[in-house]
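Protein chains in written order, with our numbering: chain G, 1 to 338; chain W, 339 to 478.
Note that these hints are calculated values from the structure, not bench results. Hints are not guaranteed to be accurate.
Claimed, not checked - Here are the simulated DSS-like cross-link-like pairs (lysine-lysine), alpha carbons at most 27 Å apart as the crow flies:
| hint | chain 1 | residue 1 | chain 2 | residue 2 |
| --- | --- | --- | --- | --- |
| 1 | G | Lys-185 | G | Lys-153 |
| 2 | G | Lys-211 | G | Lys-185 |
| 3 | G | Lys-39 | W | Lys-397 |
| 4 | G | Lys-127 | W | Lys-420 |
| 5 | G | Lys-57 | G | Lys-264 |
| 6 | W | Lys-420 | G | Lys-210 |
Every value quoted in this text rests on a predicted model; they were computed, and no experiment measured them.
Spelled out from the first residue to the last, the chains are:
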Amino acid sequence: MQAPALSNLRKSERKGKQVSAHNIQLSASLYSLSSYFVKDLFSFEDCLKSLKDNGFKGIELVAAQMVPEYPYPSDRWIGELRDLLAKYELEPVCYSAYIDYGIRSDRDLTEQEIVQFTVNDLIYAKKAGFPLVRTQHSISPALYEKMLPYCEKLNMKLAIEMHHPHHPHVPVWEQYLDLMHHKGKGYLGVVPDFGIFQLRPHHLLVERLKKAGFRAEKLSEVLDIHTARAPISEALAVGLTDLEKEFTESIYEKFNPISVTELKDLIPVSPYMHGKFYYLDNDELDPCVPYHQILPKLKEYGYQGHIAAEYEGHHFDMSVDVPEQLNRFVRLCNRHLA
Amino acid sequence: MVLDFQYDELLLPDQTLANQVVDGVSYGYAVAIRYPSYRGTFISCIESLELEMDGQLVKPDAIRFRLNNKEYLLSQLKELFKEHWFVLDTAHLVVMNNTGLSAGEHLVKIRLVHRIPYTGYFGQYLVLESVACKRLLCQT
């Protein structure tokens, strides 16, 4: 299968210029290129080159995706990674990890095993030149606190992604944020995923819903009611099948954003942020994730650091031209950061 | 119904069915499969794996799962929590049918039930059923 053709723009136009009136830099998670990587359209090096060509300054690596010897990358692979990052002048921003509690069939992993996995990730991330490991909220506050001495010894940061449906005011996050602001300051931190601000279903989800049996006219009615922020009872009353009702409940649950002003208190403990997006029809507006609201607030609050583009449309459709999506993302961000 | 995790098209790549022969003796055939996801997994996350050839379910006892230069019985997969299946690597289902396959096209169907190991935080792991079916060529 051939890669979709890139647009005909000249390279200088495609390459997003970084805006310098603030200290926000755009990097990208290699996870954005998942569909190209798993379909063998792009090699690992092609992925790096594509990010460089789009003007990104750094990378996030999802180790369980791209490291052949995961969870124990070989010295040879790490050497190749370092050489490629130097070649494409890309900064290693984050080595991303999982809390795979469920890998065993007979029981969940024990706390000791989760610590073993996470220390392993910190060591290999450091070996590969990353200053930071991003882990998942399921680590638990108790284990997260236990990781602090390892972070101090290795001089590594360990951050947790704040992902929908979480937000700063769920109890577990109040504990995490307390650790990040106080005892673990400088080592523990939060990676806000902009999906916590997502407003309405994106184009690829709408298409999936239709394919899964949501009648187009009924879906349109539901989306209008949801967009008007009317209660779910109104949406469920338009004459839906049981499956359509289930989907409607899911839409109301998933697209239930918190205020972008919540970023203000997260910035002091955010080593970088996740620029989640699913589909950009243009470089002017993302109707799903409100970058036009998020980015001016980040500037206003004085955020300094990376936003890592995290394209996730591949979860819904692997045929999308991802380099073009990333290019639109860079231009969209620069538009709202200017 | 799961709306995301739409990676099933990866499961059955367009690779020929390969008869297994040792020193001129045919003992079976192999079907190439890939893990249908954006990331790799541990083999213990496979909860069920079924193969149908030309409409007939292949007996599980006749199948060996070959990955990372090792072969396992399907009944052993649940124990393999240290065996990683890299997302770009091809595994093979080796079917010990004594004869191999006849030359030509065969209808192959795979059903893989797999647990997503990081999803258990709300009390239950997401378990996906990935299915792929296509006609593949056996060249003898």
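These are the hints, each one checked on the structure:
1. Distance check on the hinted pair: G:Lys-185 and G:Lys-153 sit about 14 Å apart at the alpha-carbon level, within 27 Å; holds.
2. Straight-line distance between C-alpha atoms of G:Lys-211 and G:Lys-185 comes to about 47 Å, which puts the hinted pair past the 27 Å bound.
3. Taken as a hint, the G:Lys-39 and W:Lys-397 pair is broken in the structure, with Cα atoms around 30 Å apart against an allowance of 27 Å.
4. Distance check on the hinted pair: G:Lys-127 and W:Lys-420 sit about 22 Å apart at the alpha-carbon level, within 27 Å; holds.
5. At most 27 Å may separate the alpha-carbon atoms for a hinted pair to count; G:Lys-57 and G:Lys-264 meet this at roughly 24 Å.
6. Of the supplied pair hints, the one linking W:Lys-420 and G:Lys-210 is violated, its CA atoms being roughly 40 Å apart against a limit of 27 Å.
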